[in-house]
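Engineer: Based on the hints, put chain B in the right spot on chain A.
As given, the protein sequences belong to chains A and B, one line each in that order.
If you count the first sequence from 1, position 224 lands on 224 in the numbering used here, and the numbers rise without skipping.
If you count the second sequence from 1, position 170 lands on 170 in the numbering used here, and the numbers rise without skipping.
Don't read these hints as lab results, they were simulated from the structure.
Just so you know, not all the hints are guaranteed correct.
Note that the list lumps identical chains together, so a pair holds whenever it fits in one copy or between two copies.
In silico lysine-lysine, DSS-like type, Cα no more than 25 Å apart, as pairs [claimed, not checked]:
1) K348 - K207
2) K130 - K63
3) K320 - K288
4) K130 - K170
5) K379 - K130
6) K37 - K63
7) K130 - K171
There are 2 protein chains.
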Amino acid sequence: MTDKEFDVTPWDVEGNVDYKKLIEKFGTERLTEDLKKRIYRNADERNLYIDRDFVFSHRDMDKILEDYEDGDDFFLYTGVGPSGPMHIGHIISFKMTKWFQENFDVNVYIQFPDDEKFWTRDRSYDEVEKYAKDNLKDVAAVGFDPDKTFVFKNTEYIGNMYKAATKLAKKVNNSVVSAVFGFDSSTNIGLNFYPALQMLPTFFEDKRCLIPAGIDQDPYWRIQRDIAPKLNRKKAAQIHNKLVPALTGPEGKMSSSKPKDAIMLSDSPDEVREKVMQRAYSGGQVTKEEHREKGADLSVDVAYQWLKNLFLEDKSRVEKIAKEYSSGEMLTGEVKQILVDELNRFLKEHQKRKEERGGELVEQMMYEGSLAQEMWNNKVEL
Amino acid sequence: MTDKEFDVTPWDVEGNVDYKKLIEKFGTERLTEDLKKRIYRNADERNLYIDRDFVFSHRDMDKILEDYEDGDDFFLYTGVGPSGPMHIGHIISFKMTKWFQENFDVNVYIQFPDDEKFWTRDRSYDEVEKYAKDNLKDVAAVGFDPDKTFVFKNTEYIGNMYKAATKLAKKVNNSVVSAVFGFDSSTNIGLNFYPALQMLPTFFEDKRCLIPAGIDQDPYWRIQRDIAPKLNRKKAAQIHNKLVPALTGPEGKMSSSKPKDAIMLSDSPDEVREKVMQRAYSGGQVTKEEHREKGADLSVDVAYQWLKNLFLEDKSRVEKIAKEYSSGEMLTGEVKQILVDELNRFLKEHQKRKEERGGELVEQMMYEGSLAQEMWNNKVEL
Numbered sequence: 001m002t003d004k005e006f007d008v009t010p011w012d013v014e015g016n017v018d019y020k021k022l023i024e025k026f027g028t029e030r031l032t033e034d035l036k037k038r039i040y041r042n043a044d045e046r047n048l049y050i051d052r053d054f055v056f057s058h059r060d061m062d063k064i065l066e067d068y069e070d071g072d073d074f075f076l077y078t079g080v081g082p083s084g085p086m087h088i089g090h091i092i093s094f095k096m097t098k099w100f101q102e103n104f105d106v107n108v109y110i111q112f113p114d115d116e117k118f119w120t121r122d123r124s125y126d127e128v129e130k131y132a133k134d135n136l137k138d139v140a141a142v143g144f145d146p147d148k149t150f151v152f153k154n155t156e157y158i159g160n161m162y163k164a165a166t167k168l169a170k171k172v173n174n175s176v177v178s179a180v181f182g183f184d185s186s187t188n189i190g191l192n193f194y195p196a197l198q199m200l201p202t203f204f205e206d207k208r209c210l211i212p213a214g215i216d217q218d219p220y221w222r223i224q225r226d227i228a229p230k231l232n233r234k235k236a237a238q239i240h241n242k243l244v245p246a247l248t249g250p251e252g253k254m255s256s257s258k259p260k261d262a263i264m265l266s267d268s269p270d271e272v273r274e275k276v277m278q279r280a281y282s283g284g285q286v287t288k289e290e291h292r293e294k295g296a297d298l299s300v301d302v303a304y305q306w307l308k309n310l311f312l313e314d315k316s317r318v319e320k321i322a323k324e325y326s327s328g329e330m331l332t333g334e335v336k337q338i339l340v341d342e343l344n345r346f347l348k349e350h351q352k353r354k355e356e357r358g359g360e361l362v363e364q365m366m367y368e369g370s371l372a373q374e375m376w377n378n379k380v381e382l
Numbered sequence: 001m002t003d004k005e006f007d008v009t010p011w012d013v014e015g016n017v018d019y020k021k022l023i024e025k026f027g028t029e030r031l032t033e034d035l036k037k038r039i040y041r042n043a044d045e046r047n048l049y050i051d052r053d054f055v056f057s058h059r060d061m062d063k064i065l066e067d068y069e070d071g072d073d074f075f076l077y078t079g080v081g082p083s084g085p086m087h088i089g090h091i092i093s094f095k096m097t098k099w100f101q102e103n104f105d106v107n108v109y110i111q112f113p114d115d116e117k118f119w120t121r122d123r124s125y126d127e128v129e130k131y132a133k134d135n136l137k138d139v140a141a142v143g144f145d146p147d148k149t150f151v152f153k154n155t156e157y158i159g160n161m162y163k164a165a166t167k168l169a170k171k172v173n174n175s176v177v178s179a180v181f182g183f184d185s186s187t188n189i190g191l192n193f194y195p196a197l198q199m200l201p202t203f204f205e206d207k208r209c210l211i212p213a214g215i216d217q218d219p220y221w222r223i224q225r226d227i228a229p230k231l232n233r234k235k236a237a238q239i240h241n242k243l244v245p246a247l248t249g250p251e252g253k254m255s256s257s258k259p260k261d262a263i264m265l266s267d268s269p270d271e272v273r274e275k276v277m278q279r280a281y282s283g284g285q286v287t288k289e290e291h292r293e294k295g296a297d298l299s300v301d302v303a304y305q306w307l308k309n310l311f312l313e314d315k316s317r318v319e320k321i322a323k324e325y326s327s328g329e330m331l332t333g334e335v336k337q338i339l340v341d342e343l344n345r346f347l348k349e350h351q352k353r354k355e356e357r358g359g360e361l362v363e364q365m366m367y368e369g370s371l372a373q374e375m376w377n378n379k380v381e382l
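Looking at chain A on its own, in the form it has when it is part of the complex (with noise of 0.2 Å):
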């Protein structure tokens, strides 16, 4: 990490982020050692972006656990923005979200702001329709469970959101909008509307939410936990991970935008080779001579990166590679062949679970399970 300027908002991601400044940049808490081993009291196993640090900061987290050892109940929230196909780093959050769920046995919600996505761009709603029907069948085979997570697209389920969403709206006036989302004169009276449907899926339930989400995220969430006691209800919790680089490096986060720096959801085995291979950026020296002197620089090494926070469940095995990387001993096709074999093994899976239960599973959260239809046969109260 550098001392770099580095600018992290709900829309951007730029620079070199150091998240031990975010950390007091945004007011979050470290998720420390402590907490981390409070969490596995009450959980059934470890998490691998937890051991890795790679989820490393959080808001009220120590409340849920509270909540949690008082046997009282959280709910999760999450949710994605149809607007392109999904990549590796969309899928982080919702990971997490369902190692909580399993770990907890809590219902989880995710919001389809595809209304927000019509209003952020010159987009369609045929297009966002597209988008969504794809990324839903990508949540659907992260494996939540069908009968407690609710999904919903926001122009869908509308009619049972609304009134609720009309009472934190006349808690939030523009001003406020604008200082937290940047919003402006120029911006449609629709997408300055959408924070109050943003926040809404909070109070759900009358219990504290938990939403799994990037660093990058925290600043939506401000004006939930400022209206929050003002309604009587809880400020939500968050845990944040760190950003998923993009293939050519640490500078700034993953897009779908420029998906030949991506890993997308949807890349077949050869992409992936072609992809990791060609454009990951690499922390070794540029001739084998010199890295076999040198060694490589693994804290800004994609491939080494990405194995050790996202993919390899074995410690000790990270452990080496870092050791022989770093000292020169592997090179970096070694490192990267690692890597494009876990990113394989992981993508066809997603994809089988995708292709085979995708549709049904989307039906049941959408519409059939047990809580999508208590969702369905209730308007949303506050």
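Structural biologist: Same frame as chain A, but now just chain B:
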């Protein structure tokens, strides 16, 4: 009418309104004698408000008639914000709307913006609901065709409207609603979004929409008329009435927030008598002697203006009162007594219809009538 300054905005009407100047200021068209004749050629009966130039201005009324004469239908749209009990002034646009429905056999859409009324003040939904319940019965008592009229509360019908409204919202930015509605940084993000929902019913059918309303409502529809062509839809036509003055005189319009200066639709005969006799602004002279000598100033006399514009169908009777009252032959008390009788006759009938059939008609217009069922079974397309 004086040259005193006047200001008419959707939120406020103050001063001694000069309607001729208002037509120029707003850029609407005068309802000419030719246009009146053309309306009557197509209608089955005359209309008091049009006859007396109480309905005096329009936008595209000629196009409405052109469509109609070509065998093309149009439809009507009006509404009322449930923020208090309704008064005589509220009923004018509804009666005008009903007249068009009866004479042109067209559909009517009536919006109850409960969301907007919740957003504009420190007002709970309980309060809004209470007024809505009562206002709905008042509207029902006007006598719309229950199979050709759809009445809806925004928070209830939103599921069928929202997606179409998002398409309007995308075409309207914060600076536009700031200019037209005076919204600013302290406006909540709900009210800021509301113009999209207010506009949407003008697109409920792919025909021209006619809005009968007070001239002060004209600015509301400027945005609709700007964006309709961009959506390949028709600009909303309007036909404007003058504002019903408060009892206390032609300075400003009647308001539910000053019930003593208004005739409420629920007033008893005694209340009406007391209000008119004690509070109606008189154009007559202070002493009987002076009055006999100088006569009354009809232009500011509320009882005379109300009788002429809103109640007395018999033109010769109006002319007789005008002559005798302005000459001093007739006294203020006599003119007021005629108004009391007319008001009480109207209110007795209204209250009887409201009491006897209000509940049932509301059910039909909101849910069970032919048009209501069609509207509930289909989402609004845009």
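Engineer: Evaluate each hint against the coordinates.
Structural biologist: Do the hints match the structure? See the list:
1. K348 - K207: Answer is neither: 37 Å inside a copy and 53 Å across each miss the 25 Å cutoff.
2. K130 - K63: neither (39 Å within a copy, 40 Å between copies)
3. K320 - K288: within (20 Å within a copy, 111 Å between copies)
4. K130 - K170: This pair counts as between: shortest inter-copy Cα distance 20 Å, intra-copy 33 Å.
5. K379 - K130: between (28 Å within a copy, 20 Å between copies)
6. K37 - K63: within (15 Å within a copy, 74 Å between copies)
7. K130 - K171: between (34 Å within a copy, 22 Å between copies)
The structure does not agree with the numbered hints 1, 2 stated previously, though it agrees with the rest.
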